[in-house]
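Engineer: Protein chains in written order, with the numbering used here: chain F, 1 to 263; chain U, 1001 to 1333; chain Y, 2001 to 2358.
Simulated from the structure, these hints should not be mistaken for laboratory data. These numbers come from a predicted model, not from an experiment. Treat the hints loosely; a few may be bogus.
As the list claims (entries may be wrong) - Computed cross-link-like contacts, SDA-like style, restricted to lysine to any residue with a CA-CA straight-line distance of at most 25 Å:
id	chain 1	residue 1	chain 2	residue 2
1	F	Lys76	Y	Ile2220
2	F	Lys79	Y	Lys2350
3	Y	Lys2350	F	Gln150
4	Y	Lys2350	F	Arg153
5	Y	Lys2129	Y	Ile2220
6	F	Lys35	F	Glu246
7	Y	Lys2231	F	Arg137
8	U	Lys1202	U	His1214
9	F	Lys79	U	His1214
10	Y	Lys2348	Y	Arg2205
11	F	Lys99	Y	Thr2019
Stated by the list, open to error - Listed next, with one range per pair, are the computed distances between beta-carbon atoms:
id	chain 1	residue 1	chain 2	residue 2	range
12	U	Ser1223	Y	Val2194	37 to 43 Å
13	U	Ser1223	Y	Ala2051	46 to 52 Å
14	Y	Trp2048	U	Ser1195	55 to 61 Å
15	Y	Val2040	U	Ser1295	53 to 59 Å
16	U	Ser1295	Y	Phe2173	26 to 32 Å
17	U	Thr1008	Y	Val2307	51 to 57 Å
By construction, the Cβ of each residue, glycine as well, lies at the ideal position given by its N, Cα and C atoms.
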Amino acid sequence: MASGIEPGAELLRIENISLSFGGVKALTDVSFNIKRGEVRAIIGPNGAGKSSMLNVINGFYHPQVGEVWYCGEKRKGAKPHQIAHQGIARTFQNIALFKGMSTLDNIMTGRSTHMAANMLSQAIWRGTAEKEEIKNRRYVEEIIDFLEIQSIRKTPVGRLPYGLQKRVELGRALAAEPVLLLLDEPMAGMNVEEKEDMSRFILDVQSEFGTTIAIIEHDMGVVMDISDRLVVLDYGKKIGDGTPEEIRNNQAVIDAYLGVPHE
Amino acid sequence: MSPDVLYTIEVILNGLMAGVMYALVALGFVLIFKASGIFNYAQGVMALFAAMTLVGIQNGQVPFSHLINAIFGTHIHHFGWQLPAIVAILLTVVVMIIFAILVERLVLKHLVNQEPIILFMATIGLAYFMEGFGDLMWGSEIKTLDVGLPQGASLALEEYTLKWAAEGTEYYGMYLDKLDMVAALVALGLVIVLSLFSQYTKTGRALRAVADDHQAALSVGISLRKIWVITWCIAGVVAMVAGVMWGSKSGVQFSLSLIALKALPVLILGGFTSIPGAIIGGLIIGVGEKLFEYSIGPMIGGATENWFAYVLALFFLVFRPQGLFGDKIIERV
Amino acid sequence: MFYRQAGDFKTTYRDDIQTFPLKQDRWGYYIVLAVAFLVVPFFINDYWTSAVMLPFLIYAIAALGLNILTGYCGQVSLGTGGFLAVGAYASYKIMTSFPDLNIFIVVLLSGVVTAAVGMLFGIPSLRIKGFYLAVATLAAQFFLVWLFNKVPWFYNNSASGQISVPERSMFGFAITGPNADAPVRYLFCLTFLVLLAWVARNLTRGRLGRSWMAIRDMDIAAEIIGVNPLKSKLSAFAVSSFFIGVAGALFFSVYLGAVEVGEAFGITQSFLVLFMIIIGGLGSIFGSFAGAAFLVLVPVLLKNIMVNWLGWPTDIAVHIEFMVVGGLIVLFLIAEPHGLAQLWRLAKDKFLLWPFPH
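Take the sequences, apply the hints, and build the full model.
Structural biologist: So this is what it looks like as structure tokens:
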């Protein structure tokens, strides 16, 4: 689906999105786009609607107003798992790993979108099921190598420390070979060293796999360093959009972060 | 009015009465669920256990007499006294309070922070244990429970409604059980007392605080464990009231614990956290199953009361998972 | 020769994902299989067959089935009794409608019918979770039992309302009916158990099993990374009900021979099988076996001690059995929520390092 989109061309376009829960407005008339191959950051103070934005992009929330265009096609009421099949993967703000499963199984689950053996074949573990399992295992092992988590391959993820869990979660998202990778605060709660590791992984993913990345992150230093363009949300509205340099000089953004009272 | 209409009214009234009985059990569920997030499957067995204990104490039965006789070869059964109903009721309340404390000490304390479904399964285990324990303590035979509640049909109502039927039709007046009417009054009284308690006492406020937010309640110095014991005590008393009503109506026997299961669909309709919901849910189920049995039952072989409530709840779950009064659930990641 | 992991190297992914990665485990498994098929049949008598072996084999199949749904996919069901009944009545209707059909096929088809019914009752799981779903499955339990009780077609209008099994045989041996020998019935059920356990193992280690566990552990995240919740949940219901249907068919045709639906497949059966997987271990194939064995043996043991040895009346034994089983459930949920299977794993882990644990 995404194969026709050249690097630098528009991959995803958000058009006039408004989303509310009951009477609470989470997003108001937000528009921006994401180009293929870039690192696009979504920033803003707490409660600005950043996570809601990601939830809209991967189809978990359905906005009342507005359109989502992906690979030049307008999206119509697709379910999250269908959108995953279109090549959008993500990680979560509060780690959402499958606690009862090993690292390997978690990442293998991320390969679901690439597996299709029928139930009978799986039941007898012959033919397509076994071949497919081994082929995908090989790919997953590459990701395990890439993220340097070989030693915890068979450890139940519930027992892993926080930083490693975040890394496994990134692995699970990468396993899907996504076109567009959504990262929701991948460095929250990490120390400087861990943040450096994670930044390196993110940039490697972009350069090695050519993956487009949309990232929410609070650490301004990191965000300004790794992202190509940023969009800034405040109270559900877009207040800034541009390169790190432009954002740094944007008065509305400065006001929002310094807490100038809303009139 | 034609007898058909009158019959239908009668069915509805009886359904309402049955609904009150379901609501009584459901009430116990709601109390515990609100305070501790536990879906207490054992509520029905608690009602059974309370009723058995009441009968046992009233008739001066020796607890565990069968077991004692089996071990020591003795033949003891009764102390040989008969206690007044009110004394027996008070003693039963004491037993239920001891039970509540034991449950908190031995079970709940160790299951804090477990997933709801684990807690649910634990209460199924608890129900099994109590059932065996109750039978071992008081014997498993069917017992009659008589605490002086009026029994039988209300003749006054029958005579009064006789006049409503159209001239020349065969109609013998409306049949309503006096016990059912008492049960309705008791349930009403219970709800009033409970709401006054939760509105105007310190403990009541603490209960509501815990129901709202465990963490916040803890942070202002409310002891969760104390609250849990109190809730289980109250639920025990509510179970006893339900047990007395059901026991007076149909004898104290195993099937009484199955009414707990009937309370589950009631809760699905009414929502797990709303006392008025429990009452209204109970009434809807009571009326619904009686009307269904009366109108459709004969065509499909009868005894539809066995499943009607569950299937109704099933449809509810599919089309309105949050119950009648719940808010729409917003899921977050 | 110690129980060791060392030296047992895996050089292919195929080796790494096999069922028993350790050589010693593999041998243990072959020995158990050989004993079960080649030794036990020569030593069992009627009492052992009907009091212990058949209930164990059949409940183990049912427990495997429920474990797939509850332990692996996280959907609690209290409708097991109803689905066992579907299997039993399906096998009865198929046997009486097609007298020439092989009994093995009949049992499999009963599983297929039950799978379809299970999927139907699994539809609410797409919208509701946890004990809400548990309540919804109660609808299956009560409705199905009522249905088999009230609609004469299901019991071929028999006067008693019971169904009783006609005689069927395979390779010249009677499998069902009064002429079936204990070893034959045992082997027939054992074959099904071994086959289905193998299938359960295969399904749970592959894509489908992972999607079930993903739904169990965090359904929203699972959907977002591309697991189709509809397919996962309904397939869990289907596979689970297939197993339970096979168990129901065997329960009726091979074990009891004649059943009355309310007695044989009541709500207590639903709880019994649920207890088996809690005690045995949720989400574990071995646990299904262990739980079934445990809850089949405990009552037999208690009864032998209390009634035959101490001479107490049977009703006291039954009450104490209730207390013991209920107490054990609570105890396991508190002390070891992963059941006997976890204890077994821990013991093996200890043994792997014995005698130098550090």
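Engineer: Hint by hint, work out which the structure violates, then give me just those numbers in ascending order.
Structural biologist: Violated: hints 2, 9, 12 and 16.
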